[in-house]
Amino acid sequence: MYSLNKDLSNRIKDVNTDLSNRFNSIFNKDKDRLRNFIQSNVGMILTLEKLTGSELEDIKIRGGLVGVDGSNNRMGGSYPHYIEAFQAMAKSTIRMNEPIFVSRVYTPLLDERIQNNLDTDEEIPEENKDSILAGLEVEAAIEAVKRLNPHIVLMDGGLIRYNIYAAEKWQELMLLCIEKDILLAGVIKDIKTSIIGDELKRSFKDINGILYDRELLYGLLNYGEYIPIGEDVNKKERKGYTSAFIRSSLLPMVIGLDILNEQGQYLEYISRLVLSLTPENSRGVPLWLDIVDKEVKISDDMLKALLERYLDRGIYQRFFVSERDKRS
Amino acid sequence: MKVVGITTQQEFFIGSKDRNFRINEFLIIQDPFQGDLLGEVVEAKTFNRYIPLNIYGDFVDNAVLESLKALGYDVDEDTIYICKVRLINEALYPVETGSDARLPKFEEVKDFMVRTYPEEGFVLGVIRNTDDMAFEMDEELKGILHTFEDGVLKEQRELPYIMDVKSMHHYPHIGIFGGSGSGKSFGLRVLLEEVMLKDIPTIVLDPHFEMDFSTIQSHFEDRKEIFKQKFKCLQVGSHVGVKFEDLRSGDLKNLLDAASPLTDAMNNVVDIIFRKKESYTSFSNRLKMLSEAQEAGSSGEIENRIRNAKNDDEKRAWEERRNMYQTYDKTCPYSSVRGVLWRLNRLYNEGIFSKDSREIESSLLDSKLVVIQGSTRILQVYSTYLLNTLYHRRRDYKDALYKQLPAEFFPPFLVVTDEAHNFAPKGYDSPSKSIIKEIAQEGRKYGVFLTLATQRPTLLDETVTAQLNTKFIFRTVRASDIDTIKEETDITFEEAKRLPYLRTGDVFISSAVVGRTIFARIRAAYSTSPHTLNPFDELWNKSKEDDDRYYDIIMKKLPISEVDMLNVIQEIEKEEGITLTLGRLEDKLQSLAKKQYIKKEETFLGYRYIKV
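Chains as they are written, first to last, in numbering that gives the first Met the number 0: chain B, 0 to 327; chain D, 0 to 611.
Keep in mind the hints are simulated off the structure, nothing from the lab.
Predicted model only: the values in this text are computed from it and were never measured.
Among the clues, some could well be false.
Restricting the straight-line Cα-Cα distance to at most 27 angstroms, the calculated cross-link-like pairs of lysine-lysine (DSS-like) are [to be verified]: (1) LYS168/B <-> LYS179/B; (2) LYS296/B <-> LYS44/D; (3) LYS1/D <-> LYS303/B; (4) LYS191/B <-> LYS296/B; (5) LYS204/B <-> LYS188/B; (6) LYS287/D <-> LYS296/B; (7) LYS188/B <-> LYS223/D; (8) LYS204/B <-> LYS296/B; (9) LYS229/D <-> LYS252/D; (10) LYS128/B <-> LYS145/B; (11) LYS109/D <-> LYS68/D; (12) LYS16/D <-> LYS296/B; (13) LYS367/D <-> LYS444/D; (14) LYS128/B <-> LYS59/B; (15) LYS168/B <-> LYS49/B; (16) LYS275/D <-> LYS293/B; (17) LYS296/B <-> LYS145/B; (18) LYS293/B <-> LYS444/D; (19) LYS293/B <-> LYS598/D; (20) LYS165/D <-> LYS329/D; (21) LYS68/D <-> LYS59/B; (22) LYS68/D <-> LYS49/B; (23) LYS610/D <-> LYS598/D; (24) LYS145/B <-> LYS68/D; (25) LYS153/D <-> LYS59/B; (26) LYS287/D <-> LYS367/D; (27) LYS296/B <-> LYS1/D; (28) LYS68/D <-> LYS179/B; (29) LYS44/D <-> LYS293/B; (30) LYS275/D <-> LYS432/D; (31) LYS242/D <-> LYS231/D; (32) LYS191/B <-> LYS59/B; (33) LYS229/D <-> LYS165/D; (34) LYS432/D <-> LYS242/D; (35) LYS227/D <-> LYS252/D; (36) LYS68/D <-> LYS197/D.
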């Protein structure tokens, strides 16, 4: 048996007390009142129908659905003795279309910015990783749009991310999609916005702290309901996106959806597609994105096998095997 | 199809995206360094990473799969097929991972699968899962048999399993194992049919009275006559027996021992009293006299009886008893003499001494199949004598040939028995065991072959089991028997696991000739067992027959009223010769009324039965 550190358990209890104190006033409110508040201040709560067979068939005829996701994994010790692999993939539901992979490998040992800067022991900024991954994903999507001409491109994650980390290429992708009439959307598994909380705070001055949509919407929507977020409250509007919250599975958690403003009229259509592709008893993620995620994933075993196979033994051991790896 | 994963010299996995594997099918692995290698699928699996759809713990419902399908993506197509392959001959190095695999052509497996042609072998069945190459096989291998599957007779689609008769010279003995209902007796039947078609002299010990080949399956009407002249059913006691005059004292002791085990003293009694070429009557009389003399008690008492004899016959009889008493009393204790006597009587009452075995011998010389029927116990007794006699005749002939002495020809022959564990049991001695053991161990030299069928291989003597070179293993459920089979055959772990689930008629054939196990299905037999009528059908048919008969009789007498039943009974007795009691007639009438053949009607004079 592990012996429990009393202090640690007490601290965790404190967290529980604090959280429930802070949010009880809101969570304990009548569910209907909150729903009414959302209806009048954020957006209508509407019920979605799944897409019909012929509508799905229609998507196939127009070029199908492409899911895009990326993955990275790193091996080795602490900076700069590690190697990191990135991979992005765009996979079409049309089987004859081969999936598109783009990949990159990064190690600080070969980074020129660092090479020129040897004296400073500073780690290069973390967003480097994010920008590589986002960049690869967008590249894969661009490639898919050019080569496969799909009807819909579904990104794994919110679209804002690409504005931040891969602005130029993202611009290119957006233009391409608008030009070719390809619907571009992003599915957000873990929503991090606070749109409803901000509205609540504006109306009820006594609320302090940040209220995230994640906890507010937990269990609030029924299966198949969604909220198209009003233009005036959506902060992403300014970046050019139209968004919605959807409860896409029996799990009480809600997911988010972003699409381009220019294609705003398809918000409901894409929401219905998301609902159709999400298993009832799942975490709410469209199956297609899960399938893509599974295929793109660089697992520890895979990365290790790749390194062992293609790096010289000496190089591998000298640079990338950490003390931790040798523990057994 | 490609070799995947970690490989060894014997076993490895093959994966395929589009072809499902079948167990026991053969594959050629094209190893870039070692050339083509032949392997057999010992385990087959399919796998789809999205079904039963557990991606990160989610279960995916059908609606979503249908939606994806409509979008053009059918998850079924992600199914991959994996099989475990074992090489027929071990390779020098582990098989190269990534090697291609393909289906073999008939020519490539011919030497291995088809060792002989129908003219020189027993056509016993088909080798399972070989239909892919069957169309390329030689014409003389095509259409030579039918199989019976799911109750329907099917044309041959796979390679035939032909057992090489001549190889029995090196690998003489066959074992047939399988639980009840597994197809064991039926496999034995097919084997015997082939034996007859090849005119091989054969003795079949048939405790179940089922090895009759005169009824031919309706599908094979054209072969109606094939077995007619080739076999003979003989029952111990009524058709065949032991000619007492031919017995040697060893044979007699064996027989008596089979009736009930003999003590040393009893053996001694037989040795002392039995004379060669003596008749049954003479031998049993002398035993009787001795025992009567011993019952008298002493020489004085016997002298007394002689003196007081009422007539000459009695006097002479007692004088003879006296002589017997004087010669044998010292060496033959009374209890042993009695013991021998009652064993002898027992055999006599079973009719064993009333016939001889000449018919069996002449049938063997005519290359016929002789089925010897009788209860298990009688067969145990009789087979001990018979096999000893026949085996030694064959042996004497061969020995004489070797010594270049003149000798009477006696053919090589096959000994077949069902329920073999009764004839050569493990753990205790039985009279027939020693001769079966002897044949098992040295029959090969003399051309005497055993085929032993049993549902309990565990109970069969181990020395005998060890000598069985070819084994047919049908469905077996009992764990102890599966263990025995695993020990005694080269059946693999995977195959042993499948034993309890084999379909009736499917069989693993483990043969020393081939050096490995073949998965086969026994062909449809031409003949049928006499016991195929379902006992329940029999029951219902009988009651139907009964009804019909009474129906006819009673219909003629209708209407029958309560008061004149007695008259009706008399009339029936007079006309049909059937005596009915009042109660029984009433029963019959009621049951016919219940089945609505006739009608019961109330009248002012009581009830009566009328036509419907």
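**Asked** Of the hints stated earlier, which fail here?
**Response** 5, 6, 7, 8, 9, 11, 14, 15, 16, 18, 19, 20, 25, 26, 32, 35 and 36
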